[in-house]
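Engineer: So the protein sequences, as listed, match chains A and B. Heads up, the first sequence is in our numbering, so the first residue is 1 and it goes up one at a time. Heads up, the second sequence is in our numbering, so the first residue is 1 and it goes up one at a time.
Just so you know, the hints here were simulated from the structure itself, not pulled from any lab data. Just to be clear, a hint being listed does not mean it is correct.
[What the hints assert, rightly or not] Here are the computed lysine to aspartate or glutamate pairs in the DMTMM-like style, where the Cα-Cα straight-line distance is at most 25 Å:
no. : chain 1 : residue 1 : chain 2 : residue 2
1   : A       : K18       : B       : D105
2   : A       : K162      : A       : D293
3   : B       : K137      : A       : D293
4   : A       : K18       : B       : E86
5   : A       : K162      : A       : D6
6   : A       : K18       : B       : D88
7   : A       : K18       : B       : D82
8   : B       : K137      : A       : E4
9   : B       : K137      : B       : D105
[As the list claims (entries may be wrong)] If you only want the chain A side, here are some residues facing chain B, beta carbon under 8 Å, derived:
no. : residue
10  : P34
11  : T93
12  : R101
13  : L124
14  : K201
15  : R205
We treat Cβ as the ideally placed atom computed from N, Cα and C, and that holds for glycine.
What follows is each chain in one-letter form.
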Amino acid sequence: MNAEADHAELVEELLAGKHRALARTITKIENRAPGYRNLVSELHKHTGDAEVVGITGSPGAGKSTLVDKMANFYRERGETVGVIAVDPSSPFTGGAVLGDRIRMASNVGDMEVFFRSMSARGSLGGLSTATTDAVKALDAFGKDKIIIETVGAGQNEIDIVKSADTVAVLVPPGSGDDVQMLKAGILEIGDVFVVNKADLKGADRTVQELREMVHMQQDNTANLATGHHGADALADGDEDAEESEKSGEDEEPESWDPAIVETVAKDGEGVEELIDTLEDHYEYLQSSGLLEDKARMRYAEEIRNLLRDDVGTLLEGEIERRGGMDELVSGIIDRETDPYSVADEVMDPIEDCVDELGDRDE
Amino acid sequence: MSADSEQQSIRCLVAKVGLDGHDRGAHVIARAFRDAGFEVIYSGLHNAPDEIVQAAVQEDVNVLGISILSGAHNTLVPKVIDGLKEYDAFEDTLVLVGGVVPDDDKEELKEMGVAEVFGPGTPMEETIEFVRENAPKR
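Start from the sequences, fold in the hints, and give me the full structure.
Structural biologist: Next comes the structure, spelled out in structure tokens:
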């Protein structure tokens, strides 16, 4: 097959470090081009070495600018970086304007930073369905650090936890009062909270409110020293984290208290501290065994998703054989049948097949 | 086996090169391409040819639209094209130029490998149609 030969060559070139091959691989993944699954399968055995960081936060919070500064920092240490930045697509035309690249001013002309813009292509969780596979391509290519930047997120775009090892949530100053901090969703997924634009008025208060939120979470689990977080709340937080790590070693399993970091991304302020914190978290994941747990969960979820797609496709065929969706719906409109019965009927032959196979195995 | 429906999308890089601060046209084009269902990557202002090449290669765009209103097209466009060739990206990228380009230069640019030059007043539909018809498949 022609496509297969093409893919073998593509994988070979990608592993050899050819940028064009990496770019084309990601395109194939995005387009779900024929055979893209084999391509990703081929890549899988070469993955697992990269550290994947997710950056999320509201539109205009400074995600892209921060990502640029982080990439620059990694590069100065001699590490290679892959970035995937997702922007929303139009629900009407499917078109998109992908503008995150504009902020990548610090890494201009440096091909060791591979920056790829991605449209969400209708996906609602803040990422595109292709993001996880694209991360694999960057990992196989040999990137040391991979940063995923989500769509400008509201309160509930939390898919990033499924793709990244460490999640940083950007909370700009003035993001609402303490009641906002009580809400479920995005504020629950942060391993690190970044108060970006920390030079703006109201930053202290946002830090304070986040700190309170984190402490409320802690109080439910462990009774850590509280009540002495004043002006130097940040340094305080770090001590707390260390304390909990030390005391956790012998008895309870160690835990991670979400850290809070202040940055001014446009000037690069606080970026070093952020990166140190991200690395602390990664080390914690490794030492606690959570990194593997997370990977296991992620792969299980991936298998389920793939199967759901496949079964869906299989059923589409069965629906066609039964006269098509329109026909089935007409029966429901005429009150001759109902959606549940139709679903059961469509599923029947597949269930029969599976049962038959099961009998044979026994 | 898997019958995932293929979702081809036309990806365009709209690029402003060199010392040229006039980006209204680029913005209008970016918006029109978006509404036509393309995925548009906008480069921002004042890019060096290298940056454009880097972006075009990494983003694997089908179409590279260079907007130049400074008159420096004869210097800048060849640099971009050479860069694309260096990364084996020239063959399957449709290179377009938009802006104020004298007729003589137009021919020269086309010889270099620019597929079309769109001057002021070109109807948007014409540009979009041209992209739809000529964008290389992925």
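Engineer: Decide, hint by hint, whether the structure agrees.
Structural biologist: Hint-by-hint comparison with the structure:
Between K18/A and D105/B the alpha-carbon distance is near 34 Å, which puts this suggested pair outside the 25 Å criterion. Our distance criterion of 25 Å between C-alpha atoms is met by K162/A and D293/A, whose separation comes to about 12 Å. The suggested pairing of K137/B with D293/A is violated, with an alpha-carbon distance near 41 Å, which exceeds 25 Å. For the hint pairing K18/A with E86/B, the CA-to-CA distance comes to about 12 Å; that is within 25 Å, so the pair holds.
Between K162/A and D6/A, the direct Cα distance comes to roughly 30 Å. Violation of the 25 Å bound is thereby established for this hinted pair. The suggested pairing of K18/A with D88/B holds, with an alpha-carbon distance near 10 Å, which does not exceed 25 Å. About 17 Å separates the Cα atoms of K18/A and D82/B, which keeps this hinted pair within 25 Å; it holds. Taking the CA atoms of K137/B and E4/A, the gap is near 18 Å; set against the 25 Å cutoff, the hint holds.
Note on K137/B and D105/B: the hinted pairing is violated, with a Cα-Cα distance of about 28 Å set against a maximum of 25 Å. Look at P34/A: its Cβ gets to within about 7 Å of chain B, closer than 8 Å, so that hint holds up. For T93/A, the suggested interface contact is upheld, since its CB lies about 4 Å from the closest CB of chain B, less than 8 Å. The closest approach between the C-beta of R101/A and any C-beta of chain B is roughly 6 Å, which is under the 8 Å cut-off, so the hint is satisfied.
Among the interface hints, the one on L124/A is violated; its C-beta lies about 16 Å from the nearest C-beta in chain B, farther than the 8 Å criterion. Checking K201/A against chain B: minimum C-beta separation of about 28 Å lies over 8 Å; hint violated. Because the beta carbon of R205/A sits about 33 Å from the nearest beta carbon in chain B, more than 8 Å, this interface hint is broken.
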